[in-house]
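J.: First to last, the sequence lines map onto chains G and A. Counting from 1, one number per residue, gives the positions in the first sequence under my numbering. Counting from 1, one number per residue, gives the positions in the second sequence under my numbering.
Just so you know, the hints here were simulated from the structure itself, not pulled from any lab data. The reader is advised that the hints may include incorrect statements.
[What the hints assert, rightly or not] EDC-like mimics (lysine to aspartate or glutamate), calculated; alpha carbons at most 16 Å apart, straight line:
{"no.": "1", "chain 1": "A", "residue 1": "K508", "chain 2": "G", "residue 2": "D231"}
{"no.": "2", "chain 1": "G", "residue 1": "K250", "chain 2": "A", "residue 2": "D172"}
{"no.": "3", "chain 1": "A", "residue 1": "K508", "chain 2": "G", "residue 2": "D213"}
{"no.": "4", "chain 1": "G", "residue 1": "K190", "chain 2": "G", "residue 2": "D167"}
{"no.": "5", "chain 1": "A", "residue 1": "K60", "chain 2": "A", "residue 2": "D268"}
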Amino acid sequence: MKMRTNRPAWRGKLAKAAILYAAILFFFGLWNSAAWPQAVSQDPAVERGLKQFQQSCGFCHGPDATGARGPDLVRSPLVAHDVKGDKIGEVIRLGRPDKGMPAMPVTDQQVLDIAAYLHARAAEALNSAEIPSKYPMEKLLTGDPEAGKAYFNGAGGCKICHAPTGDLAMIAAKYSPIDLEARILYPRGKNSIAVVTLPSGEQVKGPLAHADDFVIALRDDSGWYRSFLRDRVKVELQDPLAVHRELLDKLTQADVHNLFAYLEGLK
Amino acid sequence: MHSQLRGMMECRRSCENHLERNTDLSLHLRVVVVVFLLLALGLHVPLVTAQGLDSAALLKPAADTWPTYNGDYSGRRFSTLDQINAGNVGSLTLAWVFQPHASTIKSTPLEVNGILYFTAPDNVWAVDARFGREIWHYHRPSEGDHIGNRGLGMYKNWLYFTTPDAHLVCLDAKDGSVRWIVELADPKLGYFSTMAPLVIRDHVIVGVSGDVTDVRGFLESLDPETGMIQWRWYTEPDPGQPGSETWPRDTDAILHGGGMTWMTGTFDPELNLLYWGTGNPNPVLAGEGRVGDNLYTCSIVALNPDTGKLAWYFQPSPHDVHDWDAVETPVLFDAEFKGKQRKLLAQASRNGFFFLLDRTNGQHLVAAPFIDQTWASGVDSRGRPIAKPEATPSPDGALVEPGSDGASNWMAPSFDPQTGLFYVNARRIFSIFYLTATGKPEGWGGRDRNLWANSTLRALDYRTGKVVWNHEIGNGESIAGILTTAGHLLFSADNSGNLLVLDPVTGKALWHLNAGGRMAASPMTYELDGRQYVILAVQDILYAFSLPPPLPSH
């Protein structure tokens, strides 16, 4: 369903995708497993199981086992309790005549493979809250780089601190696309500078080491850690990320994707 | 004697309130008779009988105990103890420390008859509430999600404990021996359980947790003696029943729709209604396979505790796609609203909105954001936030505040009847929500990546949801709960390892201590031998604080 990456109209595309999906189910014999590229692991048993499943089971249970005329097997209690085909095999061989499922002759190896495939599909669902670190760039590239550039130089105020030929030169080569998107919005890890004014009037300045209601601590010019009771000193914090936090409140989704499209081009 | 007197005062106060609310003459008479009887019987009903905890006494726990997860049925987390107070909190000192050497403590201990009972996943401890010494320890290794455990329920001599493999364990409070264990749900399907069971009369009310698997949430009542099921209420109605029209027809979505019941609810004995918050629908971020409001997920429901029948519902997040469970404590209090005394229910929900309802019928009174949010454009005529379409998770990422961890979460809020303010641990979290599902979504179908978070303690005016004061507690996501007391104190913690006592009127810090770690639980308090203790759990250590003991007399 890569068509969903075309963001401005992705909702409309979804409906089309659903129709396409139904068609795929109907003509499952013509269905090409390459349409589910991430569905299967490198395990050869899983690969074999996928093919076997599509031949023997896909028509009713869907080519990806998420159900069609028959139930979704990714969320099946029987699959959840199965160990190396001990329960799945029995159902395939005996069928479920009461529910219209015919018995199918399969070898022990085929049962093992189908079970391996179904467990791999269930594991995929279990891991579905993980965003791959190699998130595909084409999914993220939905914005307009020219609009991103205009925002960078105009309303966003980015150019006040950043330059595409300066600190941002080659920025897209330094980070994966998904990390770049996050860093554009909030480049965490930039330390605040604390300026502490002692009762004597003396000022101590340096990278912030700790701040809470009661204590402020920093590294001074000589590299030493120094802490102060907050009620005895005046504290000024220079936070380079404050501007980014303000921006988070203002950015529209289009701004985010336009900026990404612009900065992703800097490499 | 001190506590006996207070017991009498308490009783009088509550009865007076009662009188104010009821004009029925016969009720007046009944109350007067009850007051008379209580006075004659030695001023207050003993909470602990020779047989253990009397479940009838849970209706009005004595001020010196903490017999349920929230201390009482109301979920206010307000204690009438005032020995530690704004005048002397500066001398608060460590009474004892208990180090169980286990995982992070997220539970609130019970305190009954001088013994503290608390938990971590797979573990229960009974600890001497005077000295912090272990009395017994129960350990039951299990499969399943060990994300946390919130504590216990108690009935007579028996404790009730839920497990990572979704079982309910009944233990003898005397020695921690097992009386029985029953399975609540199939752990192979991804069910687990973390909540502290709630005992109401002869019902043990238990909820379940789930996360990545698409399973059906439910709430269950069990017989405290046998563990037999009394009733089960499913978060998703059966197909064809009221509420099922909020799910797509002719798909399996409704029967795999999530809505876990993973936090302890509250109870109004007068109305005989049990209030419970339900979790997010599944698949979590991918909503296209479950078009509709998805009742009764992300809802506050009122159930009859004897039958499990639904009386009313209110849905803070219709068709949620951000993992914003509405399980935060539905706090019960009676107070004035627009000139009328009302029976109220308040929730500061994970989606960033504060809701005030009439708890007799679920009528919405207030719906207002208690912190900045970017996902809702307003509130509809039924008091429900209106989601902006562009805040829906998408393959190229949708920037949303709050993130999936929520503007608040399971850590306890508090309502202080002395200030009339509602207190909440409120977080600002910016996240990008990615929809990764291809084909039919199963499980999460995506995830958000956190950009930046910071945490605050906030006091809200319950009549408007407006912020009365804000106390910053640092960057990151706090999961510290809140306790208020009649000593004009608010107990909580910041993100820098400090335990905090704040003035509940102004939010100003009155006391603090660097305890060397984050509080991941909610504070509680009790009185023993005339001395008030406050229990503050920091990571995996239990700290008991009190005023310095009197000097020994010779």
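J.: Checking against the hints above, which ones are violated?
T.: Of the numbered hints given earlier, the structure breaks just one, which is hint 2.
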